[in-house]
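**Q** As a plain string of letters, each chain reads:
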Amino acid sequence: MTGDAQGTVGEDAQGAMTGFVFDWHGLTFEARCSGALWWPQGRWLIVADLHLGKSERMARRGGALLPPYDGLETLRRLGDEIAALDPALVVSLGDGFDDDAAAGALDADVAAALAALADGRDWLWVSGNHDPAHHGTALPGRRADEARLGGVTLRHVAEAGGPDISGHYHPVVPLAGARRRALLVGRDHLILPAFGSYTGGLSVHDPALLHLVEGGFAVACLHRALPIPLQPPRRRRAGPPLSFG
Amino acid sequence: MSLPPAFAEWFARQGWSPHPHQLALLDTAGDSLLIAPTGGGKTLAGFLPSLVELSGGWQGLHTLYVSPLKALTADIGRNLARPVADLGLPIRVEDRTGDTKSSARQRQRTDPPQILLTTPESLALMLSYPEAPRIFGNLRRVVLDELHALAESKRGDQLMLGLARLRSLSPGLIATGLSATVEDPAALADFMGGAAVIHADPGPDPDIAMLRTARPAPWSGGGGHYAVPDVLEAVRRANTTIIFINTRAQAELFFQAIWAANEDNLPIGLHHGSLSREARGRVEAAMAAGQLRAVVATGSLDLGIDWGNVDLVIQVGAPKNVKRLVQRIGRANHRYNAPSTARIVPANRFEVIECVAALEAVRAHDLDGEPRGPGPLDVLCQHILLTASAGPFDADVLFAEVRTAGPYAGLTRADFDDCLNFCATGGYALRAYDRWQRLVQRNGLWQLRDPRATRDLRMNIGTIVEAEMMKVRWKRGGGLLGAVEEAFAATLIPGDTFLTGGQTVRYEGLRELVIEVSPNPHKEPKIAVFSGLKLATSTELSHRVLALIGDPARWDALPPDTQGWLALQAEVSALPQPGTLLAETFPYMGRWHLAIYGFAGRNALQTLGLLLTRTMEEAGLGPLGFLSTDYALLVWSLDPVTDLAPLMDREGLRAGLGEWLAGNAVMKRTFRNVAIISGLIQRNMPGGRRTGKQATFSSDILYDTLRRYDPDHLLLRITAIEAGRGLVDFGRIEEMLDRSPRLDHRMLDRVSPLAAPLMLEMGRVRIEGQGRMRLAEAEAEAMMREAGLTLGEPGMADEAPVPVRTRKAR
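For the record, the sequence lines run as chains A and B.
Those letters in the first sequence? Residues 1 to 245, by our numbering.
Those letters in the second sequence? Residues 1 to 810, by our numbering.
For reference, chain A alone in the conformation it holds in the complex (with noise of 0.2 Å):
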């Protein structure tokens, strides 16, 4: 890990590069490509919105019948995150659930799955809208409404004055044509992109989102993390758009 620098492209132990590191509120962080957030100083694995069993909440519903391999998935992605970094402590910043029915039924693979990767290491599950009261006494690891980290809060949506880390808006960028998940460094509030499988985006453009990161940076989950402002420039390279996928 290139952990000590500032601003600098983080490569993991197969030199595949993995993320943008920066300081903010005197931490360390590195955005990682994955849509999580790492701070390699205490080895903490943040990551928000998971949803889980989103796809059985619509079918219980009775909504749209979803493949059921979402729960599978997420958890397949974080991981390769956990596999990577080894965390001490990881973090959902709320809505780690689709609803609370979701968190006390989990289906028996994803239960499994969750519990081996929540093996040796704590958990942190902050709740979130979606999830405000659940807790399985199957799940591995403790619940809180909100965590600190420095002088930074963690909790699910982003509150007046900061400085926190949040998520709850699941924001992305368009960027060369594409929507990309991303996560929004603002002066006071930092907020993640959804890590869950099934989630859509709201861009950060809406007046929503946009008034809490004004002129800071967004950082793009691509094959790397790519930063980019957060102001559109007065002027962009002009050219044509992409036709084609």
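Hints were generated in silico from the structure; no laboratory data involved.
You may find that some hints are simply not true.
[As the list claims (entries may be wrong)] Quick list of the computed label-pair ranges, beta carbon to beta carbon:
{"hint": "1", "chain 1": "A", "residue 1": "Ala-101", "chain 2": "B", "residue 2": "Arg-708", "range": "22 to 30 Å"}
{"hint": "2", "chain 1": "B", "residue 1": "Pro-587", "chain 2": "A", "residue 2": "Ala-116", "range": "53 to 61 Å"}
{"hint": "3", "chain 1": "B", "residue 1": "Gln-447", "chain 2": "A", "residue 2": "Asp-206", "range": "35 to 43 Å"}
{"hint": "4", "chain 1": "A", "residue 1": "Val-157", "chain 2": "B", "residue 2": "Glu-131", "range": "43 to 51 Å"}
{"hint": "5", "chain 1": "A", "residue 1": "Ala-112", "chain 2": "B", "residue 2": "Val-440", "range": "27 to 35 Å"}
{"hint": "6", "chain 1": "A", "residue 1": "Asp-206", "chain 2": "B", "residue 2": "Ala-782", "range": "22 to 30 Å"}
{"hint": "7", "chain 1": "B", "residue 1": "Glu-618", "chain 2": "A", "residue 2": "Ala-116", "range": "31 to 39 Å"}
{"hint": "8", "chain 1": "A", "residue 1": "Ala-116", "chain 2": "B", "residue 2": "Gly-620", "range": "36 to 44 Å"}
{"hint": "9", "chain 1": "B", "residue 1": "Gln-563", "chain 2": "A", "residue 2": "Asp-206", "range": "14 to 22 Å"}
{"hint": "10", "chain 1": "A", "residue 1": "Ala-116", "chain 2": "B", "residue 2": "Ser-102", "range": "52 to 60 Å"}
{"hint": "11", "chain 1": "A", "residue 1": "Arg-148", "chain 2": "B", "residue 2": "Asp-99", "range": "35 to 43 Å"}
{"hint": "12", "chain 1": "A", "residue 1": "Ala-112", "chain 2": "B", "residue 2": "Leu-480", "range": "34 to 42 Å"}
{"hint": "13", "chain 1": "A", "residue 1": "Asp-206", "chain 2": "B", "residue 2": "Arg-708", "range": "48 to 56 Å"}
{"hint": "14", "chain 1": "B", "residue 1": "Ile-464", "chain 2": "A", "residue 2": "Arg-148", "range": "18 to 26 Å"}
Predicted, not measured: the structure shown is a model, and the values here were computed from it.
The C-beta atom is built at its ideal place from N, Cα and C for all residues, glycine as well.
Mind docking chain B on chain A? Use the hints.
**A** Only chain B this time, still in chain A's reference frame:
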């Protein structure tokens, strides 16, 4: 049945005599298909038997008329009103479309009129009501208008499933199909489930030729702007002209260009599918009132209300398809027995050849058309769910009924059961929970587990899947201008200008998912991209073009500059000809280029480009990009392709389609349509349409998830079938290989005459994911730089989120 005296007198009073085909239809006892040119009194022919039968009175719905356009139903309603009133027939004629008021709909459900005019989607909706057996139980006749157009898409499959249902509800009903000229009437009759074909007198041959232009066509491009003065002159001489252009973006540009040269201020309008309904309605009304001298239009005017005053059709750009050209020509001069006048304007040199070939085909009455595949299973899935909405059903009975629909005559029980299973449980290999149940079987009958689901199902009826569009409106109030594709909208930043609704506008911002713009006529606009399916030149027309190029004895039909161009090609390289696949490798601007003259249509050649560049990547040739036209594929790379044959190996290409292209955006788009039609994804939710970003996002995710965890899933199977045609069009690659047993690969030291225009073509595709990623990186870096966020400046404050230099990232 013969024409009753009262009807004969009515015809006489109008100064008409019934056409032979109108009487023939009256004589036919069973199902029939009438093939007649525009203006042949087709619609009246279709209704005549109904009107005669109804003259004695009728309780309930007697005749159902289905048309692809809502506007047509209203027009037909007006046209029928006259004979109904004149003859004093005891008939109510009403229409039932998405625009019909809910009070009228309610009344129609309890007290249907004798004649109901509707669309395939509204019919599907009515069939999903529990009252359907009562509404349609007394139905005698179904009239299917513009059947040739409906049969070209899944709307036709849905309609035929609906017809099968109607036949069950009212045994013995008679179906009458009405169609423009088609290449294979028997196939269209089979599509209806079997019908007697009646041909109307096709009328005189059209007066059709190339438009004489002062300047020759340019080497490349698709705009046809060089011909604007000549087109204007033709408009000036004609009464009313329709100028057909192949794409919406080109129509916008041509409209701008023609107005820039329109010194006489001739009233010329614009009509295409991305304009707001109000804007289109205004143009249509002005046309009907004879207030326009010309309208620049896309396929949006291929069908529709007859405007008797149109006396000239101009086709700008290659017609792509002879049948469509003939149908468009028919839009001019709707007086029966008067020849239609049409002129063609090729947009570039290659299109000159295609236009000449198309003219030959029109004169030879040689129409083209791809044979229809069997009925698609995603449409069947939707039909099963809607059937369940009407009430519990027996699987055996429904299977038998579906097989009476022409497109599904060969449906296997296994495929039907897969569709039923998908509708019931999602059809996943991992049968995780009992909650995955939309349909349940009770007492042997299938029904919705939750009857409230009918609302969602009915809101999502239909098989037309457009790209997600975003509306455009003026920022300072005023109406909607039209819509642009969401993917294009995502590239806009405030201050960008683009062309929409015939005007150059400035992007101001996004407000509640509507794009707000202000007028800005002074800047060079971006062009809104409509990335939907681009119509490819038909197989038959491609063959004609290839045969014409390959036979110098026939070049007399071509303009002299085109002849000279082809002669030079024969001299320095070779001519493409039937039986041979010509390819050329040559250096140009420091890159190696490979041109393959496949004549397989742009979609298939695009797919070939994706597959070839992947193989070249594996071979270490360093492919950098490609572009495809209807005739040729051009690939550029760091190293030359010296041995092409292994790259063109059929099995290798097929394997690539399975493994690699399967993860491509083209396939994801295909999957998305399948997922929407089959009901996996719901476009419309109670409380408003889902925003495009959510639908687009999740369908890609669903596709990836299914591929990883459930590769044999029904929807992936359907997607693979669809890849044989449409956007992927792999079938045309196979057709190309079949008809070209010999590969003629030339190594040249420079660009060949045939390849030269390709160098100027737009629409270059950066290959594979890496190209796209590099583009994103470059764009991100440019944005950082231009925002003044210089990467790498030291001394950043802890509090401020200033990123610093990324260490050697590449």
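**Q** None of the hints should be skipped; say for each whether it holds.
**A** Here is how each hint holds up against the structure:
no. : hint                                  : result
1   : Ala-101(A) <-> Arg-708(B): 22 to 30 Å : holds, 26 Å
2   : Pro-587(B) <-> Ala-116(A): 53 to 61 Å : holds, 56 Å
3   : Gln-447(B) <-> Asp-206(A): 35 to 43 Å : holds, 42 Å
4   : Val-157(A) <-> Glu-131(B): 43 to 51 Å : holds, 48 Å
5   : Ala-112(A) <-> Val-440(B): 27 to 35 Å : holds, 29 Å
6   : Asp-206(A) <-> Ala-782(B): 22 to 30 Å : holds, 24 Å
7   : Glu-618(B) <-> Ala-116(A): 31 to 39 Å : holds, 36 Å
8   : Ala-116(A) <-> Gly-620(B): 36 to 44 Å : holds, 41 Å
9   : Gln-563(B) <-> Asp-206(A): 14 to 22 Å : violated, 59 Å
10  : Ala-116(A) <-> Ser-102(B): 52 to 60 Å : holds, 55 Å
11  : Arg-148(A) <-> Asp-99(B): 35 to 43 Å  : violated, 58 Å
12  : Ala-112(A) <-> Leu-480(B): 34 to 42 Å : violated, 53 Å
13  : Asp-206(A) <-> Arg-708(B): 48 to 56 Å : violated, 31 Å
14  : Ile-464(B) <-> Arg-148(A): 18 to 26 Å : violated, 53 Å
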